[in-house]
Structures are given as C-alpha cells and as structure tokens.
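Protein chains in written order, with my numbering: chain L, 19 to 191; chain Z, 3 to 171.
Think of the hints as simulated: they come from the structure by calculation, not from any bench. Check the hints yourself; a few may be wrong.
[As the list claims (entries may be wrong)] Label-pair ranges, simulated between beta-carbon atoms:
no., chain 1, residue 1, chain 2, residue 2, range
1, L, Gly39, Z, Ile14, 16 to 22 Å
2, Z, Asn67, L, Glu53, 34 to 40 Å
3, L, Met37, Z, Leu7, 20 to 26 Å
4, Z, Gly44, L, Ser59, 23 to 29 Å
5, Z, Ile14, L, Glu184, 56 to 62 Å
[Stated by the list, open to error] Below, a sample of chain Z positions facing chain L; criterion: calculated Cβ distance under 8 Å:
no., residue
6, Gly9
7, Ser53
8, Thr100
9, His126
10, Arg129
[Stated by the list, open to error] Some chain Z residues judged to face chain L by a derived CB distance under 7 Å, without partners named:
no., residue
11, Ala33
12, Ala49
13, Glu96
14, Leu101
15, Met130
Values in this document were obtained by computation on a predicted structure and should not be read as measured data. All C-beta atoms, glycine included, are put in the ideal place defined by N, C-alpha and C.
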Amino acid sequence: MKNFVLGFLATMVLPAIGMFGYLRLGAAEVRADVEAPAWLSNLMSIAVHASVRRSASEVRNPLGHTNAELIAGGRLFLDGCAGCHRSPGLPHRVHTYFLPPPEFAYVGTQYSEPELFWIVKHGIRRTGMAASERCGTSQGCYSDQQIWLLAAFVNHMTNLPASVLEAIQPKRH
Amino acid sequence: MKNFLAGSLCAIALVTITLAISIGLGFMDVAADEEPSAWESGLMTSAVHASVRKRAPTMHNPLPNSDATLIAGGRLYVDDCVGCHGAPGQPPSEFGATLYPRAPQFPRIGSQYSDAQIVWIARHGIRMSGMYPHFTYSESQLWSLAAFIARIRNLPPAVVKAIQSPASK
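Turn these sequences into a full structure, and let the hints steer you where they fit.
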C-alpha cells in the first residue's frame with residue numbers, strides 16, 4: 019500500500035516539476051510565426067469549442083436577418099473586426115502563425131449566432147480575441163443589439179447578398 | 003514495486019480522464035473578460051521571458067542613438083502599436099485591456115526587454131497572446147521601434163512633439 023501511494027504521488031509530482039522547469043528554463047516555444055504541431059492546435063480548438071458551447075446561452079438571435087440588419091452588422095464588422103478577420107471581398111490570406119484569426123468570408127464559422135454573441139462579448143483567452151465586455155466607455159464597445167447584428171453578419175459571411183456587399187463597401191470620395 | 007507501478011498507472015489514468023472531461027465537455031474556461039490569476043500570469047510571463055532570453059540574439063541596436071531614430075520608431079509605434087499598447091501621454095489603451103493576457107502598457111511600465119529582444123518579439127509575435135507576428139517591417143524599422151519602446155518612459159520632449167504632430171504621416 020505504501021508503494022502504491024508513493025507511485026501515485028511520484029507520478030503526480032514529477033510531471034508538474036518537469037513542466038515548471040520546462041517553462042522557467044525557456045524551453046517553451048513562444049514565437050507565434052512558428053507553426054504549432056497539429057495535435058496542439060486541434061486540442062485547443064476542441065477545448066475552445068466545447069467551452070463556448072457550454073457557456074453560451076440558447077437564446078436565439080432576437081433580430082431578423084434582413085438586408086438592412088446585415089448591412090448594419092457588416093459596417094460594425096468592417097470597423098471593428100476586419101483588421102484581423104479580413105474584409106469580405108479581399109483575397110484570403112493563409113496565415114502560418116499559431117492561432118490565426120479565422121477569415122470568415124472564406125472559412126465561414128462553425129459557431130451558432132448565440133455562440134458568436136458570447137465570443138464577441140467575452141473574447142477567447144490566450145488568443146487575440148478581445149472581450150468587448152471589458153471595454154470601458156468609449157469606442158469599440160458594443161450594445162447587445164450591436165453584438166447580435168455582428169453575429170448575424172458573421173454567420174452569413176460566406177453567403178452575403180450582393181446588395182449587402184455593395185452597401186458596406188467603403189465609399190470612395 | 004508492483005504496487006508502485008499500480009499507483010503510478012492510477013495517477014496517469016486519473017489525470018488523463020480529468021483532462022479529457024474538462025476539455026471535451028467544455029470546462030476549460032475560455033472567457034477573456036475574467037482577470038488572469040496571479041499564478042498564471044506569473045508563470046506564463048516568466049516562461050515567455052525565459053524563452054525570449056534564450057532565443058533572441060544579443061546585440062546592440064545598430065542605428066544611431068539619436069532623436070531621428072526615436073522619431074522614426076515613434077511614428078511606427080503611433081501608427082501600429084498604440085491600439086493595444088497605449089500612447090505616450092495618454093490614458094492606457096482600453097482595447098489592450100480587453101485581451102487576455104492584457105497587452106502591456108509600455109508608456110506606463112516600460113519594457114524589460116533589450117532592443118534586440120524587442121525586435122525579435124515584434125517580428126515573431128508571442129504565441130498564446132494577442133501579439134501577432136509583423137512580417138512587413140524592415141530590419142531598420144524594427145530597430146527604430148525597439149529604440150523607441152526601450153526609452154518610451156523617458157523620451158526627449160522634441161521626440162514626443164514630433165510624433166504627435168498630425169503631419170507625421
């Protein structure tokens with residue numbers, strides 16, 4: 019019995035010490051432009067998907083999906099999201115770095131609108147995805163209604179009506 | 003010895019099952035609006051520092067130590083970094099505070115990295131943070147940026163003035 023407990027404890031403690039040493043000695047790769055092994059990316063996306071699914075409420079998007087609403091969402095997207103997630107109509111960039119922001123116009127999204135709503139509000143930790151909920155007072159903060167508009171737009175980005183695309187293009191002077 | 007191995011296997015099974023459940027069923031919290039715990043911040047920050055120290059080259063900034071260098075770097079900083087890292091003389095970036103980990107506010111806290119390390123970080127980015135790699139800058143642009151960030155809490159007034167002028171494009 020004593021040996022059993024010893025074996026149990028040793029197996030719990032040694033990896034923890036090893037991990038600590040690995041991190042403190044600088045062995046961890048920190049470069050974002052070095053591709054991570056596929057198992058790590060996959061594990062992380064599984065963890066994120068599962069967590070978002072568990073946390074997001076089931077409330078359906080209270081807004082409709084009229085062209086006017088898609089246009090309103092699209093304008094918010096161009097202002098606040100396109101810097102990382104790319105404007106629709108621009109060529110797809112294939113990022114080689116770790117945790118690249120998805121370019122929804124090309125890859126779509128596997129999240130539902132309530133899940134997208136949750137992600138915009140709370141962000142995703144240890145990625146570049148900001149939590150709009152933490153935004154203080156000024157620009158960049160969204161009302162719930164604006165977040166729903168964004169969620170609807172992102173959900174439809176692979177399949178936008180031409181008139182919506184036309185309307186959200188920046189005006190040329 | 004047989005019992006020792008049995009205990010060890012038990013521990014491995016327990017950890018594997020716990021991890022599988024928390025990852026698969028979504029118990030790993032991914033919300034970025036909660037405050038990072040002190041131990042997590044401490045451990046991750048020291049891991050990044052250690053890794054950067056180990057990998058980044060050690061060399062001096064090859065650019066002349068002049069106001070012109072600082073101004074060139076400052077203009078790049080104002081164009082591309084202030085959104086997350088905050089501008090000199092301004093309140094901290096609100097957007098930087100919406101990321102997890104929070105973006106360091108250099109005008110307040112400065113940087114503990116050398117110029118060469120700053121160049122290395124700007125080019126390669128930092129994994130598992132919002133710091134993405136910057137491929138488009140030339141070597142000398144990055145060195146001027148590093149010179150600026152390294153002195154951001156202690157800038158000559160002429161530099162501050164020059165980078166704030168609207169004609170800085």
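Hint-by-hint comparison with the structure:
1. L/Gly39 / Z/Ile14: 16 to 22 Å: holds (20 Å)
2. Z/Asn67 / L/Glu53: 34 to 40 Å: holds (37 Å)
3. L/Met37 / Z/Leu7: 20 to 26 Å: holds (22 Å)
4. Z/Gly44 / L/Ser59: 23 to 29 Å: holds (26 Å)
5. Z/Ile14 / L/Glu184: 56 to 62 Å: Since Z/Ile14 and L/Glu184 have Cβ atoms about 58 Å apart, the given range 56 to 62 Å holds.
6. Gly9: holds (3 Å)
7. Ser53: holds (4 Å)
8. Thr100: holds (4 Å)
9. His126: This interface hint holds because 4 Å falls under the 8 Å limit.
10. Arg129: With a minimum Cβ separation of about 5 Å from chain L (threshold 8 Å), the hint on Z/Arg129 holds.
11. Ala33: Holds, because the Cβ-Cβ distance from Z/Ala33 to chain L comes to roughly 4 Å (cut-off 7 Å).
12. Ala49: For Z/Ala49, the interface hint holds, since the closest Cβ of chain L sits about 4 Å away, which is under 7 Å.
13. Glu96: holds (5 Å)
14. Leu101: holds (5 Å)
15. Met130: holds (4 Å)
Comparing the model with each earlier hint shows no violations; every hint is respected.
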